[in-house]
Amino acid sequence: MPPKNPYIQNISDLWRPGDSQAPVRRSGTSYRPDILETIEHVITSLDDDLRDLSLDIHEHPELRFEEHHAHDVLTEFLKKQAFDVTPHHLLETSWVAKFTHGSGGRTIGVNSEMDALPGIGHACGHNLIAIAGVAVACAIKRAMEKHDISGSVVLLGTPAEEGGGGKIILLDRGAYDGMDACLMCHPAPGPPHSASLNSCLARQSIEVEFFGHTAHAALSPWEGQNALDAAVLAYTSISVLRQQLKPTYRIHGIFEGKDWTPNIIPDYAKMIWYVRAPTRAEMEATTKRVIACFQAAALATGCRVEPHLKGAVFDLRQNEALTDGFGTIFENTYGTIDYAYGIGGASTDFGNVTYALPSLHPSFGIPTEKNGGNHTPAFTAAVKTAEAHQACLDVSKALAATGVRVLIDDEFFGKVRKSFEEDCQLREEEAQQVN
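For the sequence shown, position 231 matches number 231 in our numbering, and the numbering has no gaps at all.
Just to be clear, a hint being listed does not mean it is correct.
Unchecked claim - Here are the in silico distance ranges between beta carbons for each label pair:
1. 387 <-> 306: 44 to 52 Å
2. 103 <-> 44: 48 to 56 Å
3. 332 <-> 387: 44 to 52 Å
4. 302 <-> 425: 43 to 51 Å
5. 424 <-> 311: 17 to 25 Å
6. 52 <-> 378: 17 to 25 Å
By construction, these hints were calculated from the structure, which means they are not laboratory data.
Keep in mind it's a predicted model, so treat the numbers as computed, not measured.
For glycine and all other residues, C-beta sits at the position ideal for the given N, C-alpha and C.
Take the sequences, apply the hints, and build the full model.
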């Protein structure tokens with residue numbers, strides 16, 4: 001099997017037409033072809049409606065915690081599909097849609113993201129993630145009805161993935177309680193008809209403030225403590241630190257200030273930093289080294305420093321049993337599986353969900369132009385194409401089939417739980433290794 005946290009070394013080396021990537025092939029046949037046939041029929045019948053919904057969300061991009069239009073159109077769509085819908089669930093623009101059939105049984109969770117990026121709209125394809133969640137939930141619902149499967153499917157509308165940590169808030173508030181497993185997907189540049197099952201980077205956001213003392217920069221500079229100098233020194237120290245970090249780590253930041261002018265020594269400077277690493281344990285260890293750079297800069301300039309750790313997002317812990325189940329279905333029916341493309345160099349708040357319960361988060365390849373990866377205007381255009389839509393539906397079908405298997409296959413679910421427990425142990429070992 002591929003490593004649990006594979007990471008593409010050169011994250012700028014996005015897929016281009018003509019690239020090749022040896023697929024990971026799985027043996028065996030798809031579980032319950034009759035259920036997969038039901039799933040395909042449902043999603044195909046909703047094709048036009050899902051396409052309209054995706055384009056509607058794409059044409060109304062909304063930033064984190066402001067996804068009011070997306071909230072309304074998604075909840076209305078799901079009400080028409082006979083889900084029990086709770087709008088404004090735990091957060092103003094979050095929502096939940098639930099369907100239960102029979103008595104007892106397990107609960108499969110699904111996520112729909114909705115938010116866009118400042119200035120460039122849906123440049124991460126959350127319009128596709130939104131409809132993927134809807135497609136998966138609708139397909140599982142119909143399969144439960146037709147094949148008399150007991151259990152529940154719960155679809156969460158999760159706001160503010162881009163910089164807001166919406167899933168972390170929802171996780172803390174109990175939105176994932178009761179789920180036996182959770183599923184979602186994400187578009188990325190990649191070969192046509194492909195899905196990626198790699199991890200992504202854990203990320204710690206840090207806001208650091210330096211406080212000094214103003215003075216006339218020419219008349220009496222010796223009276224000041226220069227907060228901007230402290231920030232510049234911290235920036236330089238972190239640049240030096242990078243030489244001693246692994247190439248799979250990422251540290252990047254910006255300056256902010258207020259009322260700066262050349263003839264006044266600044267008494268305040270602010271910086272915002274992201275620290276990323278392949279695992280949560282590595283990210284946390286690296287964050288300590290970065291904070292030491294802030295403290296050293298404050299000491300050298302006579303300033304006071306206040307670092308503030310904001311919400312951390314963790315790496316994706318792809319559940320091994322779920323990846324095997326999904327991979328077999330996808331390879332037998334829709335395309336190839338790889339561990340090289342996807343969102344390996346990015347970060348997502350769904351990583352925190354994977355630390356809390358068995359979860360799966362494949363990426364799916366869509367056509368892009370050169371240098372047109374996620375978070376670019378070119379990707380905004382790519383995620384509204386018919387090719388991207390079809391790729392989204394294909395991965396949704398395989399996810400839905402995997403979700404139904406969680407509900408009905410006791411042996412498979414036992415493997416899912418065992419994989420999760422083994423990964424919990426692996427996390428503890430990773431933490432010991434870096435400390």
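* To do: Give me the numbers of the hints this structure contradicts, sorted from smallest to largest.
  => 2, 3
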